[in-house]
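Just need the whole structure built from these sequences, with the hints factored in.
Keeping their order, the protein sequence lines are chains A and B.
So for the first sequence, the numbering used here puts the first residue at 1; every next one is plus one.
So for the second sequence, the numbering used here puts the first residue at 1; every next one is plus one.
Hints are computed from structural coordinates only; laboratory data are not their basis.
Do not take every clue at face value.
Example chain B residues on the side facing chain A (calculated, C-beta under 7 Å, incomplete) [stated by the list, open to error]:
id, residue
1, L81
2, F88
3, G94
4, E107
Listed next, with one range per pair, are the computed distances between beta-carbon atoms [claimed, not checked]:
id, chain 1, residue 1, chain 2, residue 2, range
5, B, R139, A, T56, 53 to 59 Å
6, B, D17, A, L354, 51 to 57 Å
7, B, A125, A, V31, 36 to 42 Å
8, A, P7, B, P97, 25 to 31 Å
9, B, E176, A, A5, 39 to 45 Å
10, A, I379, B, Y15, 15 to 21 Å
11, B, R129, A, V327, 51 to 57 Å
12, B, P97, A, V327, 33 to 39 Å
Heads up, the beta-carbon is just placed ideally off N, CA and C, and yes, glycines get one too.
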Amino acid sequence: MSAAALPGIRPRVLLHIVAAGLRGHRRRSLVTMFVMSLACLVVVDTSGRTDATRRTLLAALEAPALRVVRIVDRAGSAGLSAATVEQLRALGSVEWAIGLGQVGPIGRNATLAASRGGFGADAVGVRAYVGDLFGGPLLRLASGRRPEIGEAVVGAAAARALGLADGFGTVEDDRQAQVAVVGVVEADRGVEGLDAYALVRGGPGTAVTELLVLLRTSRDVEPFVARLGDFVPSREGPLGIERAAELAALTEALAADAGALDAAVLWGALATTAALVAALRFGAVDERRREFGLRRSQGATRSTIGAIVVLESAILGGIGVVLGAAVGAALVVVQTGLAPDPVLLAAVGWLLALAAVAGSVPAAVAAAWRDPVEVLRTI
Amino acid sequence: MIGPRLLVRSLRFGYRDVPGLIVDLDLSVAAGEMVAVRGPSGSGKSTLLYLLGLYLRPDGGSIRLDGQETTSLGDRERSRLRAHRIGFVFQDAGLHPDASLVDNVAEGAFYGGASYGAARARALALMTRYGIAGLAERRAVQVSGGEAQRAALCRALVRDPSLVLADEPTGNLDPENAAAVIEGLRAAADDGAGVVVATHSPAVAEACDRTVLLA
Ligand SMILES: Nc1ncnc2c1ncn2[C@@H]1O[C@H](COP(=O)(O)OP(=O)(O)O)[C@@H](O)[C@H]1O
Ligand SMILES: [Mg+2]
Chain A
1 MSAAALPGIR
11 PRVLLHIVAA
21 GLRGHRRRSL
31 VTMFVMSLAC
41 LVVVDTSGRT
51 DATRRTLLAA
61 LEAPALRVVR
71 IVDRAGSAGL
81 SAATVEQLRA
91 LGSVEWAIGL
101 GQVGPIGRNA
111 TLAASRGGFG
121 ADAVGVRAYV
131 GDLFGGPLLR
141 LASGRRPEIG
151 EAVVGAAAAR
161 ALGLADGFGT
171 VEDDRQAQVA
181 VVGVVEADRG
191 VEGLDAYALV
201 RGGPGTAVTE
211 LLVLLRTSRD
221 VEPFVARLGD
231 FVPSREGPLG
241 IERAAELAAL
251 TEALAADAGA
261 LDAAVLWGAL
271 ATTAALVAAL
281 RFGAVDERRR
291 EFGLRRSQGA
301 TRSTIGAIVV
311 LESAILGGIG
321 VVLGAAVGAA
331 LVVVQTGLAP
341 DPVLLAAVGW
351 LLALAAVAGS
361 VPAAVAAAWR
371 DPVEVLRTI
Chain B
1 MIGPRLLVRS
11 LRFGYRDVPG
21 LIVDLDLSVA
31 AGEMVAVRGP
41 SGSGKSTLLY
51 LLGLYLRPDG
61 GSIRLDGQET
71 TSLGDRERSR
81 LRAHRIGFVF
91 QDAGLHPDAS
101 LVDNVAEGAF
111 YGGASYGAAR
121 ARALALMTRY
131 GIAGLAERRA
141 VQVSGGEAQR
151 AALCRALVRD
161 PSLVLADEPT
171 GNLDPENAAA
181 VIEGLRAAAD
191 DGAGVVVATH
201 SPAVAEACDR
211 TVLLA
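Next up, the structure:
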């Protein structure tokens, strides 16, 4: 048989040698493992906390209040209508939309009006609306029922001003028209301005001067604003467009800080880990010149020697990473109350284990290429 | 097997500081033959064994092992030939101190592809033959020099070698242990290996079939 065709060491025997090497140099093995655990712990903890902050920011960003766009046609010349609201509601990026009429008449409790006469502090603004008031997360019926066309619900503040605690009664406006009030509506942040009004459900012909639109995600806000012109019939007057003030700041914080910090910590840890492992493994390999020389004299190839060194590091790195990740994850839970993202955890673990393997390569090459005769002469 | 185990022709080798250490050396070792290499200290006995063990590359000439030319082979193939065909015994046993004696012996079969179990079984069989089976699970540092050297001999033989090289194998041993090692080398030759022993000892040379003298 030609020399090239002669079989070499079996993988399981190689693992035997690796295991014996790890046991035989227990202190060195433990130090390497400890360094790996520590590196993994630091990275998991840091990136876990950064990630928790980012997730908190992201959650804040998706709060409904930050996804609201308010469009006001101050001049009343844009030609907005109930049809515009329907068009907007049909958009995929729109979760919810209503249209509001001008604050026209001022109304007060018809029953109380008789006894007091004149309009004062107990009067509220009366506005028509179109669209499904309760079809989104921002408005809730606190008491009473949903209004039919021509009926009204009142905001909580308006209900107090009118003296309609349970939301049932009649509002009489300054033109003597009377509207039945059938419920109280509770308005969340983002549309809190509606709190002060009596909202009269309007029919298809209602004139609209203000739109309240809730987008599905915060990322939909800017594209929606950019396309808004497509839905405004006439563009003569200027439209006032308002969105949550925190939106821009939060988006910026997320894009810049969180991402950059994460990457810097990770790269630093990977480089440090690789360097530490390289130093530790060089030391180990130097201490074991005799062992590797003897193995070469028994027929181990260079690649077998290299594989022993790399496999030892891979095993130590693997155990170290798992221990470090477990402790690091526990720390993150204690510190933030959020469990770290398992994908992030796995990615960090793999990268660090790879760094351990990469760090061991120079020592493996040095061990493999050492001249065995040097060792044999000193046996 | 027809032809010698080892056939060396016109072998030349020198170190940078010691040029011309080996010049035009011819040597043939047949199966069953045991050859002594003698010469004063520094004459190149160890160097010759390292050349025959395929650790060093000659400057010229030919080394055939079982008819196969080895001088043109790469490191991987030379390692494989060591693993399968060449057993080496040093002056010092050269065992892994913390490994058991049987694992040390079994290592001689590892790099040639034996399974762990098979290598240990063969190791135990040889150790029985050389009277050290009772020490199989002892760590190498816990046995005497003579016992360690017998284990080293077993490690050389466990791969069933074509060629056994021994560099002053009795140099550190008392006469009784030395005799056991010489007996072991002779037995390896009787089993069909070619044996080359570098030695100062007249007793060892006497036990050999032939002596090659290095100047
Ligand atoms: N690596 C080396 N580099 C240079 N000279 C060496 C080296 N190894 C051995 N020598 C020299 O080569 C000569 C032969 O050494 P060696 O083969 O060990 O002889 P022996 O085993 O017969 O005592 C000695 O002079 C020794 O100093
Ligand atoms: Mg010598």
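Is the gap between the beta carbons of D17(B) and L354(A) within 51 to 57 Å?
Violated, since D17(B) and L354(A) (Cβ atoms, about 45 Å apart) do not stay within the stated range.
Assessment of proposed distance window 39 to 45 Å (beta carbons of E176(B), A5(A)):
holds (43 Å)
Answer holds if the nearest beta-carbon of chain A is closer than 7 Å to that of G94(B); otherwise answer violated.
holds (4 Å)
Falls inside 15 to 21 Å, the C-beta gap from I379(A) to Y15(B)?
Since the Cβ atoms of I379(A) and Y15(B) sit about 19 Å apart, the hinted range of 15 to 21 Å holds.
Given the range 36 to 42 Å, decide if the beta-carbon distance of A125(B) to V31(A) lies inside it.
holds (40 Å)
Is the shortest C-beta separation between L81(B) and chain A less than 7 Å?
This hint holds: L81(B) lies near chain A, its Cβ roughly 5 Å from the closest one there, short of 7 Å.
A range of 25 to 31 Å was offered for this pair. Does it hold for the Cβ distance of P7(A) and P97(B)?
holds (29 Å)
Hint validity - E107(B) Cβ closer than 7 Å to any chain A Cβ:
holds (5 Å)
Min Cβ distance, F88(B) to chain A: is it shorter than 7 Å?
holds (6 Å)
Should the hint that P97(B) and V327(A) are 33 to 39 Å apart at their CB atoms be regarded as holding?
Holds, since P97(B) and V327(A) (Cβ atoms, about 36 Å apart) stay within the stated range.
Okay, R129(B) versus V327(A) on CB: inside 51 to 57 Å?
holds (53 Å)
Could you say whether the range 53 to 59 Å given as a hint is met by the Cβ separation of R139(B) and T56(A)?
holds (58 Å)
Hint 6 from the earlier list is the only one contradicted by this structure; the remaining hints agree with it.
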